[in-house]
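One letter stands for each residue in the lines below.
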Amino acid sequence: MMRLPRFRYHAPRSVAEAATILAAEGDQAMLLSGGTDLLPNMKRRQQVPGTLIGLREIAELRQIDNGSGLRLGAGLTLTEIVRDARVRERYPGLFQAAVQVATPHLRSMATLGGNLCLDTRCNYYDQNYEWRKAIDFCMKKDGETCWVAPSSRRCLAVSSTDAAPALMALGASVRLVSDHDGERVVPLDELYHNDGIHYLARRHDEILTEVLLEPAAGWRSTYWKLRRRGAFDFPVLSVAAALRLGDTGAVEQARIVLGAVASSPLPAGKAAESLVGRELTDAVIERAAELASKRAKPMDNTDFTLHWRKRVTRDFVGYALRELRGDDMRARRVQIARHSLDAAV
Amino acid sequence: MKNLIEIGGKHRAHVALRINGEAVEVAFDTYKTLLEVLREDLGLTGTKHGCELGECGACAVLLDGEPVLSCLTLGVECAGREVCTVEGLAADGRLHPLQEALADLGGAQCGYCTPAILVTAQALLSRVAAPSREQIKEALSGVLCRCTGYQQIFESVEEAVTRMARSPGRREGVEA
Amino acid sequence: MSDTTRKPPATDRFGVIGVPRRRVDGRAKVTGQTRFADDLALPRMLHARLLRSPVPHARIRRIRTARARKHPGVQLVLTGKDLPNEFGILPVSQDEEPLCSEHVRYVGDPVAAVIARDELTAFEALDLIDVDYEPLRTYATPEDSLGHPEPRIHDYGEEGNIHKRAAFDFGDVDAALAEADEVLEDLFFYEGNTHLPMEQHAALAAVDADGKLTLWSSTQTPHYVHRALARVLELPAAHIRVIACPNGGGFGGKSDIFNHEMVVAKAALLLDRPVKICLTREEVFYAHRGRHPVLMRMKTGFKRDGSITGMQLETLVDGGGYGSYGVASLLYTGALQTVTYHVPRYRFRGCRVFTNKPPCGPKRGHGTPQPRFGQEIQLDKAAERLRLDPAELRLRIVEQPDTLTANWLRIGTIGLAECIRRVVEVSDWNDRFRKLPEGRGVGLACGSYLCGAGLPIYWNKLPQSGVQLRLDRSGEVTVFCGATEIGQGSDDVLVGIVAEVLGIDPFDVRCVTGDTGLTPVDLGSYSSRVTLMMGNAAIQAAERARELIASAVAEQLELPVSRIGFGGRRVFDVENAERGMDWREAVGLAEERHGTLGTVGSYTAPRPAARFKGGGVGPSPAYSYTAAVVEVEVDTSTGWISVPRVWIAHDIGRALNPTLVRGQVEGSVYMGLGEALMEEQAYRRLPPKLSGALVHKFPSMLEYKSLTTHDMPEVVTELIEDPEPNGPFGAKEVGQGPLLPIMPAVANAVYDAVGVRIDEVPITPDKVLKALDDKAKGGPGRYGPARFPEVEWPEAMQVPPPWEDGDGKAVNDPERKRAAKLAKVL
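Chains A, B and C, in that order, give the protein sequences.
Each residue of the first sequence is one higher than the last, beginning at 188 in the working numbering.
Each residue of the second sequence is one higher than the last, beginning at 37 in the working numbering.
Each residue of the third sequence is one higher than the last, beginning at 3 in the working numbering.
No wet-lab data here; the hints were simulated from the structure.
Any given hint could be a false lead.
Said to hold, decoys possible - Straight-line alpha carbon distances no greater than 27 angstroms define the calculated DSSO-like cross-link-like pairs of lysine-lysine that follow:
#, chain 1, residue 1, chain 2, residue 2
1, C, Lys777, A, Lys481
2, C, Lys301, C, Lys811
3, A, Lys497, A, Lys484
4, C, Lys72, A, Lys320
5, A, Lys497, C, Lys779
For reference, chain A alone in the conformation it holds in the complex (with noise of 0.2 angstroms):
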């Protein structure tokens, strides 16, 4: 059996308690939310924190409020936000991607924050301590090289988040709160580095408390995921997107966002920009699409190959527009998620 490492282990009651201690811990120290991410790392001995936070019992974490729009507590876990009503009928896009989060045990486990926060992933990275002494290690982790790309100077590991690319399509914020110098709330895309090792702006001492959505009304939103099987897999290719449509059917705004390509979600200005003043025909789509995808750099370190990734990027930002447009995807919907996603409700 895969065992932890030793660790001491402290359980917070408030954020304030949990700030002081990881002000307290230093870098040896690490939070602790649903587990489902930072526990298999330290089974395999990629991480491996001296002490652990646990932020479970702290119970501001978990709220949900409206705001203006939506205040979602960073400790609400993944099965929380998809049972949520406001949320599958306000920010659809947040439930398509919650509800497609590994398999239902792990969503009744994994939180909102944690998602966010999730560990860059890659093949040569997410193995074992014998595995990784195998290659002599990896940039990431113990080691010199990318061989993902030997010659890079910069980790590739994948940004594998379902949660990230929907809420920045979303127009998401968070709210970060740290001992020292209270908190800052910053738009989510400003959360991410395209660097697999330092792929956070999170300062360490830093604990993401809750995400902060504005009103939807007038939005639409998607997520459509690639992954090999209905369950289990992260995203290999994710595209987020929301717009707003004017009266005339012409887009007034709009933001697509990619995940899994890169070592953070990645926004395809470009191609939301050639939507806004259009109707979405299927020319005005193609021609998205073919923006979009040109952003995609996948590498060869997840599941499938990157040139199919890369192919069919295009294939899935038409797939999301046009459910924005109101097409009947359902029966595209389930051949590549492989079921309905209303099943989990």
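On the provided structure of chain A, position chains B and C as indicated by the hints.
For chains B and C alone, coordinates are given in the frame of chain A:
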């Protein structure tokens, strides 16, 4: 009220929780997951393991009624909580209808994923009395089975629903 | 020896047989009471972990263990010198060491073991062992191994890094191909894959109170483990007891003998304390013994009416780092091509090479899924060329019952035609094939499998399965057999048969299996042998018990024995059922009359008709048959594949417990779809200029893709029952055969849907898209291997087929010639 978790020294924990309706106190090494505590410190080996990384679902148990993976749940996080394992499904000397149906209809072949399937299906039935085939598939999508091809498992769950509808007294598998 | 020409009972009216019912171990499984190997714990038990090689191919210069030995909590560190005797499952391949002493052959090869107070301590101490490796050339592919004889991965085998070659000619195939109207030549590749049982292998060893050794293990073959332990530990086999715990899935992956079993046994003896090990999932991928990757070149001649004139098959088999079952696996890639359709002349060339990867071995279908994949796709291509419906083509050429094939396999019953007709009917084949809209398609394929290998793994004339019964005045019946419950339901078969013969309820029978200390030898749960072999032995033992009871009851009732009947837990006068007694009383009478009651039964398979060297692989007392239709949806823009439905018909002979039979069929469909669409035991060679590393690409359950509930289609299962005279109550196997048609049926369905041929597995969307691109550019629209490397084939053994005045023997002796040539050179 005494503390539910006492972490003695650096690496030893002492935790009180409820398992299958019974109050239990157990001491174990802090690094242990619920899976290890159940199997090694409490002798409840009905809960299985296939990867210990959250990639197979074999270790599923119910934590406060919700199916979770015991391999990714720290033992120290279970203080004061209610855990249900396959050993707790039968009640009053009788098997749960899900157990009966899986045994009758070929829902268990090697039996290794069966405990996880059972507790997961039990949680589904306590949430949705008569789930559709799609809902059953979704609920069980987190447990891999290499033997059956799942079809007889789905049919077993549906048969249990039918049997429970005939004798509604058997709705809840475990009473605290 | 049992009566191997037994006719099935004239009646179809059984009490237990044929009735769908709860398996005898069903309750244990749903309550979590089944005790798998890792569920066992003993007082004072210690835990072991293995240090495995991080290099793919190297000499070991030195191992330093002092730091690990001093680590707090560590009780013992073992290295190769502590366990000097080699072992291996086949007598011809005794090439494994419990712990490598001088030479490691793949990343994951065990070199040392730590035994400590707990698993975490043992794991931590592994890192304190220093091993100094001298790297050797890394062989990543069969081409590497064929091209570079030195350094050798093993110093045995044919030459260089060729482990074994086989060459057989059954008739003049060149002439047969020349007579054909159409000759099809194709290259196919079948990627390796692994069993992925949910249960990781575990073993617990302990010295008993009386000083003897007991090993509990998740093994499919306790008898072979027993023999190997005696050899490795240099102990009399009689002082070792091996208990096969119920396996949490086997699929062939637990039918070998494993390093960790030897290590815990040795450690328990040295420490006089129980020692347990449970492999991590990553280690299970290294233990492997899974499906061999096979490259195939297949050439078949057809007449215009569809009949086959002759077939030629070459296979290049990537064996990995050790022999394992490989010699048999190699021969199986050529053995069963002849048992489905009439092939009058047949040529087989096969070559297994060593590479620096975990050893391959037997997985569900052992060696036959790969050539079956090629054969069934080629038939689909031939049908198109001949303008015949693929089902019709197959129906025309189905082999006849009670036949000898060109390679001297004796076929008894053959339900293949009925299987084809049934799937054609239930799938609406005639309304679907070539008639569905673009992007949707159906494909048909067939297969056949052994009901037990005709010969044991080591040469002997002993029974292949033994069953013992004890009965006493309480009415209790206990059945003992060495067979191993791996989830397939062998305990249920055993108990069901005994209960049927004795007219009692399965619940009345206590079952003890898989324990070399208590149960008569059965060779193990592999080659789909248990139902037939154990079943026949069980019938014999139960009939003997029945005779004892019948004679006592006949005497009591003053009736001739022929009038005594058994049923409903009673023994009675068949002409007046009221007259009789209950079961308990009858057994008591028999005990009174005959003394303590016990009977035995045994089974040995009929002698193979083949009498040439290598002809021992392929013969079986019976063959099962299967036909399947798979429906697919393929998106032409992305290549994305969905499988909504599968229809499958299996010739089971007789279904002993239809619930279990259906489960085996559907489980085979499941595993077949995995192999067809996504499962692969793939490796990554790092850039050779930068690293010698050759690693399993993803030894995890996340990245080794096994179908979830959402990926599994609806399956319609049809059972064809035509009782087989050699089978118990007419039963044939079902554990492996139904897997065989699935992979080619998927490939054929993809062709029907979008017009491209994917001549390899797994069939993935990127390959489909490449083939579609190829077609769009005016190419053949195919994705698959492009070449078969040069292999120097030895002189073929010439064995004339039965219809060419053959007698089952070879007319030449290439091996003797080769030995003579070698002697001259030396």
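Status of the hints after comparison with the structure:
no. : hint                 : result
1   : C:Lys777 to A:Lys481 : holds, 26 angstroms
2   : C:Lys301 to C:Lys811 : holds, 25 angstroms
3   : A:Lys497 to A:Lys484 : holds, 7 angstroms
4   : C:Lys72 to A:Lys320  : holds, 23 angstroms
5   : A:Lys497 to C:Lys779 : holds, 21 angstroms
In summary, the structure agrees with every hint in the numbered list given earlier.
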